[in-house]
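Using the sequences and the hints, build the whole thing.
The lines below spell out each chain.
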Amino acid sequence: MNFKTSFLREAWFLSKDRAAMIWLSLALLISAFSVVTGIAEVRAQRQTIERLLEADRADREASLADQSDWGGAAYYAFHLTYDPPSELAFAALGQRDVASWKHRVRMLALEGQIHEADPQHPDVALIGRVDFAFVAAFLAPLFVILMLYDLRAAERTAGRYELLSATARRDAAPWRMRAGVRIACLAACLLIPFLIGAVLEQASGMAIAGAGLAVLLHLAFWGLLTSFVGRLAMPSATILTAMAGAWLLLAVLVPASGRVLVERAIPVPAGADIMMVQRESVNDGWDRPREATMKAFLERHPEWSAYSQIEQGFEWKWYYAFQQVGDQTAEDLSRDYDEGRHQRDRAASLISWLAPPALMERTLQSLAGTDVAATLAYEQSVRNFHAELRAFYYPRLFREEDYSLDAVRGLPAFEGKHGANESAAADL
Amino acid sequence: MRHILTIAADEWRFWIRSRLALAGLLVMAVLLVVTSFVTAARVSHERDVRLEHQQAAEERFLAQPDRHPHRMVHYGHYVHRIPGPLAILDSGVDRVTGQSIFLEGHRQNSAMFAEARGGASLGRLADLTPALVYQLFAPLLLIVLGHSLIVRERESATLAPLLAQGLSPGVLIAGKAAALGSVILLMLLPICGLSAFAAAQGEALLSGLVVTGTYALYLGLWGAVALLVSALVNQRGMALGILFAVWLLAAIIMPRAAVNIAGMVEPVPGKIETDLALAIDMRDVGDGHDAGASAYDTLRANLLSEHNAERIEDLPVNFRGMVALYSEERLTRLLNEYAEAQMAREQAQAQVIGSFGWASPLIAASSASRILSGTDLGTHHRFLREAETIRYEFVQGLNRAHAHDLSYTDDINRNRDVEAFDRARISAGNWQVLDRFRFHPAPAGERLLQATPFLVMLALWFAGLVAALAYAAGRLRP
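If you're matching them up, the sequences are chains F and W in order. Each residue of the first sequence is one higher than the one before, starting from 68 at the first, in the numbering used here. Each residue of the second sequence is one higher than the one before, starting from 113 at the first, in the numbering used here.
The hints are simulated quantities; they were obtained by calculation from the structure and are not laboratory data. A quick note: this is a predicted structure, and the numbers were derived from the prediction, not measured. We put the CB at the ideal spot given by N, CA and C, even for glycine. Where hints are given, some of them may not hold.
[Stated by the list, open to error] FRET-style restraints, in silico, Cβ to Cβ:
(1) R457(W) with A125(F): 45 to 51 Å
(2) R442(W) with D405(F): 37 to 43 Å
(3) D351(F) with G404(W): 26 to 32 Å
(4) Q447(F) with V568(W): 45 to 51 Å
(5) T234(F) with A276(W): 58 to 64 Å
(6) Q313(W) with L478(F): 21 to 27 Å
(7) L478(F) with A453(W): 29 to 35 Å
(8) D547(W) with D403(F): 30 to 36 Å
(9) A135(W) with R113(F): 24 to 30 Å
(10) T410(W) with R113(F): 18 to 24 Å
(11) W79(F) with A276(W): 39 to 45 Å
(12) R219(W) with D351(F): 54 to 60 Å
[What the hints assert, rightly or not] Computed, partial: chain F to chain W, Cβ under 10 Å:
(13) A107
(14) S130
(15) A373
(16) S375
(17) I377
See the structure below:
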């Protein structure tokens, strides 16, 4: 018996198995649903960014036209920062549903702005949507279980089990082929909509191959586990119950306990503390002796020491200096917050090796640039952009240059995460 | 009655002998107890921390020294959403919505620092609460225990003799239902404990009772499904397969598909987008920092004629303070219009999701559970509205002090030099305009009213299933 004939025979059997065909069509349907709604969502997000860019430009130009000095311009001109969805984001929306991927910032202290949330609908973040990552990570194992738990038992009930086992060259051969064919068909049903979606979204070949491989490995893991439990020759109801228990353990219990452990072991500062420290410092700025503010400011910007005399009750350069000092005061807490999130993510990544569904989801999110690392990279790009804004305004504020609409055209524009990475690379 | 009890007791004997059923019972018991303790500890800790932050914020505001009132408008204040006592059962949207808002003049800031943003990302089922265990996993146990109730008798050919002995099918099914019902009652013990704990912390007993009832109804519904399938099917494997598929569709797929669909049917624009639209309207209202703006010409003319004055310097009130009062009022009206429209859109989207409760009882049960626990979207909106009220009150209180307690001359000359800057201030006694803020979810009765549509959904689901079960009992064949 060669491979081809036995494959075709099993495929024929499968096509006659009504329950299995229902599972396969359901898998195909849900995968297609996740891809279609995922693409609709990322396209809506891209359109939102387009619209926002336009509205943001109009708003900034209107604000700048009203100004007569650089300080006012810096105060009233907001800038949109955003993280556009990647080509693969349709398959794994990930952190985009939880963390903000767009901000509007201005020259004031950044710590008061970067934590502003522009959240999705809370129910969306709470219940979670069906994206391809959810299908591949949490539903696919259930489909594998439903397709395989009954393999041997069905033959036993039909009275063919002993015959099949006796006539097979090797004991496990018919089951292996049968399970293999079923997994292959399931993989096709899950992956075909994903592949079509990925091609439509023009994802890179490497990313598609990586995602496809990850899904196949994940399916293979659950296939092997189900076959192993199935070989213990128990009634099919017991196999199904045991596998449901395995799913519960690996998809829910291990990740949930991992999460509790990680969050206990690696504390992050309370957001309220960051904001409080920053605000206190910025507000103290008004009362603190002018020299103290300028001294703290000049530690970072010694180049302006020649221009740092404050003579009037209010001067813009002093105002922005204490905004920056506010950020400096909250710097440590804020760094701890980012570093803590980094560490939690690294710990979660280790733990996910114990929980294949979590690993699957994290893999897709990392390929799609929707993981925690991507969120942190985006936030860093906002920080970089804010630093560029300061670098643009400080010379004009300290040298007290004349404001003009022509000169304001040189304002830096947000270039996104990738621009930020390149400029970071250029710094090295 | 005696027959029913005998049948139920027999079923229990079977479960205890079956290692699988016993393992399932044990796992569920451990899961529920551990999750209850962990969640109760986490939420109580959150409550304490936020309460502390709330008190600290108030103390700091009141402890500010004498200064220019508008400085306090921008010094601002923080409010924190303190979770209600029943959040230990269902923490709902608490983790995914910002929990603190910075309140200041002329702006409605968004709620910041959702816990989820700093959480470890381990898949979306990793955020276990007792509510989620009841909604998602307790039905699995009922399926494992319940799928074999009737079909087992059929498979081992004991169903025919039972019925032949004159046992009515109704009594048989009632006995089996009693066995499964006793499991449900056992499973409800942790929720009773949590409700009692919440009641000790000030939650109304009513909420705890109704939320327990909600889950009793929801689990009863799953028990009825299991019993129904078991009565209709010929093989245990098949019964389990069908029930497992129903669970997959109703508990795992449907709620999330509802989210996808609601997002497409009722899209909600983000805050930045509405802020930008708002910015255009705000230009018409005018900037309250610029008392010379043309938007205040009428106000100036009115004040001058009212006080029979020639120049604003001659007014008995500080014109800049009057502008601040006037523009804050107009601006707030506009801000609230936008905020209400945004909340209405969010509610519309939530309603689309809720309407899927007719298709998946999990959606009905979880919606009711969040409302009753005071952790639903509506409670978050209540927080936003209360925060806005307190914001408007203290900002206008400060603006009134600005108008009446600070002289116009000192005010406009404040930037001349450092001494003039120091002269333009009012006494710290004025900071008492800030009200104490302790967030509480809506009263129990109100929450119950809001949860009623979902409870009706569950009750109808349950009634329908019981009717189907009665019908199946009438035609029970060996």
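Verification of the hints:
no. : hint                             : result
1   : R457(W) with A125(F): 45 to 51 Å : violated (23 Å)
2   : R442(W) with D405(F): 37 to 43 Å : holds (40 Å)
3   : D351(F) with G404(W): 26 to 32 Å : holds (30 Å)
4   : Q447(F) with V568(W): 45 to 51 Å : holds (50 Å)
5   : T234(F) with A276(W): 58 to 64 Å : violated (42 Å)
6   : Q313(W) with L478(F): 21 to 27 Å : violated (53 Å)
7   : L478(F) with A453(W): 29 to 35 Å : holds (32 Å)
8   : D547(W) with D403(F): 30 to 36 Å : holds (33 Å)
9   : A135(W) with R113(F): 24 to 30 Å : violated (49 Å)
10  : T410(W) with R113(F): 18 to 24 Å : violated (45 Å)
11  : W79(F) with A276(W): 39 to 45 Å  : holds (43 Å)
12  : R219(W) with D351(F): 54 to 60 Å : violated (21 Å)
13  : A107                             : holds (6 Å)
14  : S130                             : holds (8 Å)
15  : A373                             : violated (21 Å)
16  : S375                             : violated (16 Å)
17  : I377                             : holds (9 Å)
Hint compliance for this structure: hints 1, 5, 6, 9, 10, 12, 15, 16 are broken, all remaining hints hold.
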